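**Student:** Chain by chain, the residues run as shown.
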Amino acid sequence: MAAKAARDLSNVASVIELKSVNKWFGQFHVLSDINLDVKEGEKIVICGPSGSGKSTLIRCINRLEEHQAGDIIVDGVTLSNDVKNIEAIRREVGMVFQSFNLFPHLTILDNLTLAPIWVKKMPKKDAEEVAMSLLNRVRIPEQALKYPGQLSGGQQQRVAIARALCMRPKIMLFDEPTSALDPEMVKEVLDVMVELAREGMTMMVVTHEMGFARAVADRVIFMDRGEIVEQNEPEAFFANPQNERTKLFLGQILHH
Amino acid sequence: MAVAALGSTPRVKVAPWNDPVIRGWVFQIVVVGLVAALAWYLVSNTIDNLNRQKIASGFDYLGREAGFEIGDTMIAYSPASTYARAIWVGILNTLRVAVLGIILATILGTLIGIGRLSPNWLLNKICAWYVEAFRNVPLLLWLFLFYKLISEAFPGPRQAISALWGSLFLSNRGLYFPVPMADPIHVWMGVALLLGIAGAVLLHRWAKKRQEATGQPFPSISSGFGVAIGLPLLVWLAAGAPSAMSWPELKGFNFEGGTVIQPEFTALLVGLVLYTSAFIAEIVRSGILALHKGQSEAAAALGLSRSQSMRLVLLPQALRVIVPPMTSQYLNITKNSSLAIAIGYPDLVASINVTINQTGQAIENILLIMAAYLSVSLSISAFMNWYNKRIALTER
Amino acid sequence: MSDDALPGGERRQLAPPIDESGALGWMRRNLFSSWGNGITTVVLIVAVGWILSGFLEWALFTATFTAATGTECRGGGACWALIREKWRYIFFGSFPYEQHWRPFFAVIAMLAMLITSADRRMWNWRLLVIWGVGSFITFLLMFGQIHIPLSLVLSIALVVGGIGMNLRKAVADAGEMNAYRALAAIGLVGLALRIAGILPAWSFAIAPLSYVETSLWGGIPVTIILATYGLAFAFPYGVLLALGRRSNLPLIKGLCVGFIELIRGVPLISLLIMASVMLPLFLPSGTTIDKFLRAQVAVILFAGAYIAEVIRGGLQSLPKGQFEAADAMGLSYPQKTLLIVLPQALRVVIPPLINTFIGFFKDTSLVLIIGIFDFLNTANQALVDPNWAGFPAEVYLFAAFVYFIFCYSMSRYSKYLEVELNKGTRR
Numbered sequence: 001m002a003a004k005a006a007r008d009l010s011n012v013a014s015v016i017e018l019k020s021v022n023k024w025f026g027q028f029h030v031l032s033d034i035n036l037d038v039k040e041g042e043k044i045v046i047c048g049p050s051g052s053g054k055s056t057l058i059r060c061i062n063r064l065e066e067h068q069a070g071d072i073i074v075d076g077v078t079l080s081n082d083v084k085n086i087e088a089i090r091r092e093v094g095m096v097f098q099s100f101n102l103f104p105h106l107t108i109l110d111n112l113t114l115a116p117i118w119v120k121k122m123p124k125k126d127a128e129e130v131a132m133s134l135l136n137r138v139r140i141p142e143q144a145l146k147y148p149g150q151l152s153g154g155q156q157q158r159v160a161i162a163r164a165l166c167m168r169p170k171i172m173l174f175d176e177p178t179s180a181l182d183p184e185m186v187k188e189v190l191d192v193m194v195e196l197a198r199e200g201m202t203m204m205v206v207t208h209e210m211g212f213a214r215a216v217a218d219r220v221i222f223m224d225r226g227e228i229v230e231q232n233e234p235e236a237f238f239a240n241p242q243n244e245r246t247k248l249f250l251g252q253i254l255h256h
Numbered sequence: 001m002a003v004a005a006l007g008s009t010p011r012v013k014v015a016p017w018n019d020p021v022i023r024g025w026v027f028q029i030v031v032v033g034l035v036a037a038l039a040w041y042l043v044s045n046t047i048d049n050l051n052r053q054k055i056a057s058g059f060d061y062l063g064r065e066a067g068f069e070i071g072d073t074m075i076a077y078s079p080a081s082t083y084a085r086a087i088w089v090g091i092l093n094t095l096r097v098a099v100l101g102i103i104l105a106t107i108l109g110t111l112i113g114i115g116r117l118s119p120n121w122l123l124n125k126i127c128a129w130y131v132e133a134f135r136n137v138p139l140l141l142w143l144f145l146f147y148k149l150i151s152e153a154f155p156g157p158r159q160a161i162s163a164l165w166g167s168l169f170l171s172n173r174g175l176y177f178p179v180p181m182a183d184p185i186h187v188w189m190g191v192a193l194l195l196g197i198a199g200a201v202l203l204h205r206w207a208k209k210r211q212e213a214t215g216q217p218f219p220s221i222s223s224g225f226g227v228a229i230g231l232p233l234l235v236w237l238a239a240g241a242p243s244a245m246s247w248p249e250l251k252g253f254n255f256e257g258g259t260v261i262q263p264e265f266t267a268l269l270v271g272l273v274l275y276t277s278a279f280i281a282e283i284v285r286s287g288i289l290a291l292h293k294g295q296s297e298a299a300a301a302l303g304l305s306r307s308q309s310m311r312l313v314l315l316p317q318a319l320r321v322i323v324p325p326m327t328s329q330y331l332n333i334t335k336n337s338s339l340a341i342a343i344g345y346p347d348l349v350a351s352i353n354v355t356i357n358q359t360g361q362a363i364e365n366i367l368l369i370m371a372a373y374l375s376v377s378l379s380i381s382a383f384m385n386w387y388n389k390r391i392a393l394t395e396r
Numbered sequence: 001m002s003d004d005a006l007p008g009g010e011r012r013q014l015a016p017p018i019d020e021s022g023a024l025g026w027m028r029r030n031l032f033s034s035w036g037n038g039i040t041t042v043v044l045i046v047a048v049g050w051i052l053s054g055f056l057e058w059a060l061f062t063a064t065f066t067a068a069t070g071t072e073c074r075g076g077g078a079c080w081a082l083i084r085e086k087w088r089y090i091f092f093g094s095f096p097y098e099q100h101w102r103p104f105f106a107v108i109a110m111l112a113m114l115i116t117s118a119d120r121r122m123w124n125w126r127l128l129v130i131w132g133v134g135s136f137i138t139f140l141l142m143f144g145q146i147h148i149p150l151s152l153v154l155s156i157a158l159v160v161g162g163i164g165m166n167l168r169k170a171v172a173d174a175g176e177m178n179a180y181r182a183l184a185a186i187g188l189v190g191l192a193l194r195i196a197g198i199l200p201a202w203s204f205a206i207a208p209l210s211y212v213e214t215s216l217w218g219g220i221p222v223t224i225i226l227a228t229y230g231l232a233f234a235f236p237y238g239v240l241l242a243l244g245r246r247s248n249l250p251l252i253k254g255l256c257v258g259f260i261e262l263i264r265g266v267p268l269i270s271l272l273i274m275a276s277v278m279l280p281l282f283l284p285s286g287t288t289i290d291k292f293l294r295a296q297v298a299v300i301l302f303a304g305a306y307i308a309e310v311i312r313g314g315l316q317s318l319p320k321g322q323f324e325a326a327d328a329m330g331l332s333y334p335q336k337t338l339l340i341v342l343p344q345a346l347r348v349v350i351p352p353l354i355n356t357f358i359g360f361f362k363d364t365s366l367v368l369i370i371g372i373f374d375f376l377n378t379a380n381q382a383l384v385d386p387n388w389a390g391f392p393a394e395v396y397l398f399a400a401f402v403y404f405i406f407c408y409s410m411s412r413y414s415k416y417l418e419v420e421l422n423k424g425t426r427r
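Chains as they are written, first to last, in this note's numbering: chain A, 1 to 256; chain B, 1 to 396; chain C, 1 to 427.
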């Protein structure tokens, strides 16, 4: 993939702000004083060894995990135990999971229209129109009436992306979207994500796919043991890692 | 050499004793033969013994007078009624306790199963201990305990405990309470109930269409309930709210009037419900646990509320796992109701037992028992197979 | 957006906020995490506390622990003196009082057999030895005298010889094979002579103790014997039923399905009544069957059908490739089943089998309907004594406690086995 030119985002508003965010699992300090600002339209790639807290970080943003200290502000709304806040944030944030998590007892079309009908109270016809247009975008409109069990892994993940997009979110979170896929299906999913990025979506992606990072990311963040160790534009990040741990990690994953 | 046509293979000549098909049939015939020989041996012995002991055969005895009393009946019965009627009373009693038991055990079991998953540690542990206590002790023991407690804890009818300003009487002969006297309006109320249920179904359909068209949801479940219950209520009010009741009164050694729940029935029902609810709780719990954690996360990430994700995503999937073992628990309740004989509740087995003792015709009566229980269990199995086929997840 | 890079590998470790950890944190998370939770906790504590205090008051604080007769025991709390008075009867029934050590050790022997049988590591010839020796000890203790008929010895010789000849054909050396052949020959010839009446009905008598007939047996030994030998005999016949049900031969399959559905569709009580009433009709007039044996046969018939279903589940879980590999190697059906299929299928079904056993253990309580004195029945009988009338709760709670100990231990053992035996396999 062609390398991305650097962008100047200093005048753009922040859609996600993390201020001194800390989280513990029992005694284990899984997120350690995280400070992060994500601008509108920015694409962030988070990488790091397993156990570094990167999945936990993005799962805190839509409250699938609770943080114990610090503030998380999404699109102006502060994340707290208030159910109204959580629901408002989840309407604006879409998530794609490593294990797809499609609903096996519903058809693809029903998977996509479920939330628009029940959360946004859309009439069924309108919801289906939106769903079909998104299925076209991820290039599998013919699967609309099949069940998830009948699709390949790559197709299921593309449906999952379309399902999140049906709610017209402002921000998309990706938790290792291609890690569970067979190698030949990784490209079809990454292509969809690249297109999404090019259309201006704000994205936070946890992944090991460094080619994707190079093509699309505005910033690459390296996390280790709960802390943000280093972050930079992709060119600089890959060519000139500053920290020892970053160098070690990159050495391990960039070999093949 | 001619080329063999596609799809046909020349049949190789195989010696019959090596041919697997023939071997298979020989084996089957031998086994069936042995079974048949055994059956013939048993049957001939039986015929011999029956003749020797001058025991009659055939089902004619069903028309004869039964000559024994039944304590708890749902329909009119006296010792002058036929054996057939006695057996029918037994069947009705079994059904009464089984159906009530199934409904109550399902409700209680589901609540406890959900309680087992509660994040509240106390509730969780209490439900866990409830399940362990009932699962590890025989049902018969619980029945004895409850029956003895109920019949010995309460006083005789003359010293009965009365409640609600003398309308309820609790004694060791049972709980007597007033019932409305039979009134023609009840038939109309029944009709109204059926209409109400039909109306609720129609209301639900209309609400669904409306939501598909405009996106607006409608509380069709609660309003459906309202319609189903409200209509009979309206009929009752329109007829002048007839409230003539039959009151239990102490006459001689026992009460008359009103209606009664007897201690045998109560002990059996309570025992069955508490015991089976423990198993149902485990079934519900493992059904919900079997759900992939990602399903509830995906539903939450899409913005569905907790009740919406329960209703639309989690429960449909959990039911797939829950229904098969649940139906076998229903079957267990039906079979376990036969323990009634140990505490004196006159169910089917009890009636048949007395009949065997009086007529000596064991074989016919045992066949009746087996036919009755088998028809229940086979219909439940058939239902389960149908249900499994219907909800099977479509996969490649 | 500070760059929090730390040199080397040091981590800045912060402790979690105070009320997140320790006892207070645990309580906050698990009992008071929300308003609903908090209210539930309070309500439960009050309700449980009230019930528990009432129960303890009755069961402990106002209870009578020693009394000479029932009337002394009345008034106030629980009468545990009744249990002290009658526990020997409740546990051992009408077995002669001074010889209660015999059923006691019989119970120990059976428990030992059961515990070792569930452990997969014992699954080889050792299992047969354990059961053979254990059963011998058990019945010697219970009956006091055993007469082993010659025909039984000959049958065992025939079976051992036959199985050995078949299964050990490829593995054993000539000496072992000859031993099997000899055994089978002796068994076959001996049985033929016996049936022809040439050999008389000899039996070997072993009689170290006084004879106690089955009608005097009672209490825990009866419950355990019914459950243990119910399971032991039901197991092979359940395996045959399961294999038959999965067979491709339509007649066999039909017979097995019909039999299984028949037994599973009717309550155990009806089978017990059938056994006690119909068995005498099925057999030539004049033959009497011991009442205990009738109950045991009913339990075996009943258990087999349920065990068949459990094993069928195990067979279904085997990947088809196993069967195909066995066929490809040229194994015959018996060899394939005994060497490849069953060991794997049975491995998987140990936990549900133990659950089924726990179920039978409880179901044996139904034999009181036909007058066998199992543990529940002896407990019941303890209430009949007019001297000690009126304390049903004490007796039944005590009996429930004993059942609970047995069944709960078995289910925990099952969970332990599940973990222990899966340590080597990938889950």
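Any given hint could turn out to be false.
[As the list claims (entries may be wrong)] One-sided excerpt, in silico: chain A residues whose CB lies under 10 Å from chain B:
| id | residue |
| --- | --- |
| 1 | W24 |
| 2 | E87 |
| 3 | V93 |
| 4 | N101 |
| 5 | H105 |
| 6 | L109 |
| 7 | L114 |
| 8 | K120 |
| 9 | K121 |
| 10 | M122 |
| 11 | P123 |
| 12 | A164 |
| 13 | C166 |
| 14 | K170 |
| 15 | L181 |
[Stated by the list, open to error] Cross-link-like lysine-lysine pairs, in silico, DSS-like; alpha carbons within 25 Å at most:
| id | chain 1 | residue 1 | chain 2 | residue 2 |
| --- | --- | --- | --- | --- |
| 16 | A | K39 | A | K170 |
| 17 | B | K293 | A | K84 |
| 18 | B | K209 | A | K121 |
| 19 | B | K251 | A | K146 |
| 20 | A | K125 | A | K146 |
Calculated from the structure, these hints are not laboratory results.
In this text, all values refer to a predicted model and were calculated from it rather than measured experimentally.
Beta carbons: idealized from backbone N, C-alpha and C, even for Gly.
**Student:** Which of the listed hints are not met by the structure?
**Tutor:** 1, 6, 14, 15 and 19
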